[in-house]
Amino acid sequence: MKKYLILQKNIQDKMREKATTLYLGPQHPGITGNMMVRLKVEGDTIVKATTEVGYLHRAFEKLQEKRNWLQSFTLLCRFCVPEPDPVEESYARAVELLEGREVPERAKYIRVLMLELARLGSYMLWYGGQNGSLGLYTMGQWSVGDRNYILDLFEELTGGRIYHMYIWPGGVRRDFPEGFEDKVLRTMDYLEKRVKDYDDLMFDNAIFQKRTQGVGIIPKEKAVEWGVVGPVLRGCGIRSDIRIDDPYEVYDKLDFEVPTAEGGDIWARALVRRQEVRQSIKIIRQVIEKIPSGDYYNPIPNPQKWTLPKGDAYARTEAVRGEVGIFIASDGGTKPRRVHFRGAAYVHGITLLENLLVGENVADVSAIMNSLGTCPPEIER
Amino acid sequence: MSFFDLKGTVKPLTALKQFGKKPHTISYPKESKEAADRYRGFHYNDIEECIGCGNCSTICQNAAIDMIHIEGVEGKKGDSGLRPRIDHGRCCWCALCVEVCPTGSLSLTKDYLYVSDDPDSFLWTPGVDNPEGKDKISFYTTNEISLNDFKRIPMPELEGMERVKSFAEVVLGYNEEQARAEASRCISCGLCTEACPEHMHIPEYINAIATGNDADAVRIIYDNNPLPEMCGKVCTRRCEDVCAIAVRGEPIAIRWLKRYATETALTSEITREIVNPEIKEANGKSVGIIGAGPSGLTAGYYLALRGYDVTIYEANAKAGGATMYGIPKYRFPIDSLDKQIEYIQSIGVKIHFNTKVGKDISFKEIYDKFDVVFMGVGFPDAWSLGVDGEDAKGSMQAFRFLHMVNSGEKVDIGDKVVVVGGGNVAIDAARVSRRLGAEVTILYRRRVEDMPADWEEIEGAEDEGVHIVPQGIPIKVHKDEKGHVKSVEYLKAEMVPDERGGRPKPVAIEGSNTIIEATSVMAAIGQMGDYSFLGKEFEDKIKIERGRFVVNDKQQTTDPKVFAGGDAVNRTADAISAIADGFKACKAIDEMLSKDKN
Chain Y
1 MKKYLILQKN
11 IQDKMREKAT
21 TLYLGPQHPG
31 ITGNMMVRLK
41 VEGDTIVKAT
51 TEVGYLHRAF
61 EKLQEKRNWL
71 QSFTLLCRFC
81 VPEPDPVEES
91 YARAVELLEG
101 REVPERAKYI
111 RVLMLELARL
121 GSYMLWYGGQ
131 NGSLGLYTMG
141 QWSVGDRNYI
151 LDLFEELTGG
161 RIYHMYIWPG
171 GVRRDFPEGF
181 EDKVLRTMDY
191 LEKRVKDYDD
201 LMFDNAIFQK
211 RTQGVGIIPK
221 EKAVEWGVVG
231 PVLRGCGIRS
241 DIRIDDPYEV
251 YDKLDFEVPT
261 AEGGDIWARA
271 LVRRQEVRQS
281 IKIIRQVIEK
291 IPSGDYYNPI
301 PNPQKWTLPK
311 GDAYARTEAV
321 RGEVGIFIAS
331 DGGTKPRRVH
341 FRGAAYVHGI
351 TLLENLLVGE
361 NVADVSAIMN
371 SLGTCPPEIE
381 R
Chain U
1001 MSFFDLKGTV
1011 KPLTALKQFG
1021 KKPHTISYPK
1031 ESKEAADRYR
1041 GFHYNDIEEC
1051 IGCGNCSTIC
1061 QNAAIDMIHI
1071 EGVEGKKGDS
1081 GLRPRIDHGR
1091 CCWCALCVEV
1101 CPTGSLSLTK
1111 DYLYVSDDPD
1121 SFLWTPGVDN
1131 PEGKDKISFY
1141 TTNEISLNDF
1151 KRIPMPELEG
1161 MERVKSFAEV
1171 VLGYNEEQAR
1181 AEASRCISCG
1191 LCTEACPEHM
1201 HIPEYINAIA
1211 TGNDADAVRI
1221 IYDNNPLPEM
1231 CGKVCTRRCE
1241 DVCAIAVRGE
1251 PIAIRWLKRY
1261 ATETALTSEI
1271 TREIVNPEIK
1281 EANGKSVGII
1291 GAGPSGLTAG
1301 YYLALRGYDV
1311 TIYEANAKAG
1321 GATMYGIPKY
1331 RFPIDSLDKQ
1341 IEYIQSIGVK
1351 IHFNTKVGKD
1361 ISFKEIYDKF
1371 DVVFMGVGFP
1381 DAWSLGVDGE
1391 DAKGSMQAFR
1401 FLHMVNSGEK
1411 VDIGDKVVVV
1421 GGGNVAIDAA
1431 RVSRRLGAEV
1441 TILYRRRVED
1451 MPADWEEIEG
1461 AEDEGVHIVP
1471 QGIPIKVHKD
1481 EKGHVKSVEY
1491 LKAEMVPDER
1501 GGRPKPVAIE
1511 GSNTIIEATS
1521 VMAAIGQMGD
1531 YSFLGKEFED
1541 KIKIERGRFV
1551 VNDKQQTTDP
1561 KVFAGGDAVN
1571 RTADAISAIA
1581 DGFKACKAID
1591 EMLSKDKN
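From first to last, the protein sequence lines are chains Y and U.
Taking the numbering used here, the leading residue of the first sequence gets 1, the next gets one more, and so forth.
Taking the numbering used here, the leading residue of the second sequence gets 1001, the next gets one more, and so forth.
Read the hints as simulated data drawn from the structure, not as lab findings.
It is possible that part of the hints are untrue.
[Claimed, not checked] To give a feel for the contact side, a few chain U residues facing chain Y, derived at Cβ under 10 angstroms:
hint: 1; residue: F1004
hint: 2; residue: D1037
hint: 3; residue: R1038
hint: 4; residue: T1058
hint: 5; residue: Q1061
hint: 6; residue: C1092
hint: 7; residue: C1094
hint: 8; residue: A1095
hint: 9; residue: L1096
hint: 10; residue: E1099
hint: 11; residue: E1144
hint: 12; residue: N1148
hint: 13; residue: S1184
hint: 14; residue: S1188
hint: 15; residue: N1207
hint: 16; residue: T1211
Just so you know, even glycine gets a beta-carbon here, dropped at the ideal spot from N, CA and C.
Input sequences plus hints: build the corresponding full structure.
Given below as structure tokens:
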């Protein structure tokens, strides 16, 4: 017995000395996009994590300098495929701010509808990703299937399922097609029923609870300092939401709550998202009820000769992953002088992730990444 | 939490109730989904409607659209003959090409499935390679949602009844803000450049105006047109007829923008400073030009820049030819060309005014004196009606009448004027008569929409109270006992379609005789040349056919030393064609004389 203990101690010592390096990504189902995390592990425990980006650099910001103000807008949806609309929204509002362009009231409501539908669609994907990273694949099949009904709405309204290219400076591109409001309400009824099934399968699931509670904890006192935003910050018990703090479009005319949860772990973040899905449905119902008739678009001039006054503007939008801000600078020409983009993933995907992974189990890396909602193209723009 | 969590273990099992339910997405047997009514799928292009302006190609931020020649589509005025070809490997289906299409011919369809292992097969010409797409159009543009600006900035003008009180200029000109806004509507397709006889660099100077570089605009204009003031006021603007925006909206006011640009250069010195032309050293060759009309001035200006010694002989006291004397002063004020003539003279062009060739100086003298002669003599005479009683007092040629009024002579027209014709001269004569206090009727044998006159001119005449009688063919001018015009008798006409496919012909209806009272009758049915100045010797040498000089494609007459241009050569008979002739002749003369040198 004594011999065995000595042997065990020897092995443990040797293991400790022999830290192994693991490479997670750039192609890996547990990674939320094309980026890599280099993990130094001792046994199952991570001692150091280094994020490596650069696999997805598409030079969006530079490309926009070569395109006129309108052409730039078609690039934006590619910043984050699961939820492109907040980026379009930020850009449109920044351009409107710089130019002083009025947006019709109806367009504002349609934009809110788009943003909330996008939020729902994105959360549906998150359900799949978060549970998939824990081995609970049924959830993903359900939620991605239900997301299709939202994509159908997008297709009806914008003509595209994933890349909508719909919110543009001055308003939105097209008005509601006939009978669209009813379709939205029917879809909301259906989703409301489904989120109860999700609760049964996911939130009441002992495995899900045990795998998420106490994992990937962000200390509340550090969260703001680290630059954490969005649902991740609200999962630390801090009530912060641009829709309330700096209302845009018609959010100040709508009644909704900003859910928070204490704990700062994956579980808390999941609880926040669980509530937000319900809030989004509530917002969408209000939009359909309150939307005024009228213009949906304040036409921009001929895009080839459309110039914006000299100056700069910044607009930010609350996306699923957090704050999405766009800074534009104009030299008075037909093209942006500079477009700078700042998404939540820049913080969540690099510095925060490196901090959170230390001390965690290798098996939890994917779960933690998914709970942060990283979108690598947003980092590498 | 205990190790065994009963609720957490049992609750997920409720998922079992989903067994046997119809799945969301996969359907057996596999059926393809019908796309939404607004789906952005593969492109479709209506080849007939498309004019090949290339705006789709310009807006495409992926460079997925090429403009290519396709079989069966030929270029013509207002159609480049090119059609878009889309690389579906690059396309991102943003549909901006659809939103900016000025004709609305381009749209997206519900088709979205195409599989091939041949990368080249993803390049296709919408409308040609997928004719079936016509029935599946889903994402299209309308006038309301188009990104093109179809509404023209209205030109400030004098009020209709205010105008007839004087010969003050009707058009007031754009101010800076209006000009920028109007110029910003242009999509720079260049169809106008092709349609302009002189091929002016229209998109370039409009772009300069849009971006606030008026001096650049003037410089670009002077590159091949030394008389922009003239064109800016009275050009027949073929460019606007073919404007891509005009397919569904009002064309860009190209003429007024040119006018705006020239107005920014206030004097001839400023013009010279802005244009800053490169004048070559004198080469010892000389060119004589007859007529200081648009073609003569153009040839003179560009030849002088190339180092030739240029002398122009002009019969009238002012330069400008038919534009100066044939166009009323409310459209083309008497001092309009002063600045430009001064500028042209400053380059070194010598102009002898009040010197009529054939009277004050013989053609032979000019012919012998210069290395090359250019004739821009125009059409000084007019056709008569050829009806009974035309010799009555008060019956006159509209063109002569305009010439007299413009020269400051007093003309007695009485209080009731009938103008016969439907061209710009007829409208001009009518509007001038209105200003002289007469009631005016225009008699035209076809319909109003067939009138060759400018639509703006016709509208202007109507605003000023000119009465237009379409489909009326004059047959007799009645005289009173003093031999003065008393009335005009005409027959009503009906339009008979032309069997050969031409425009419908007016045919008189027997017994529909109608009489209009009149104190004057003006014939405005066309002008003709007067070539008596040539003299016997040259009448044989220089061939004239159907009233016009015969020239080759270099504006050279049958006498190689003599070139000609303007109304006396081309059938279009407008200022810009004359300018084009002058420019062409200048190049040919330069080519010929510089060859001699070597």
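Could you tell me which of the numbered hints above are not met by this structure, giving the numbers in increasing order?
none
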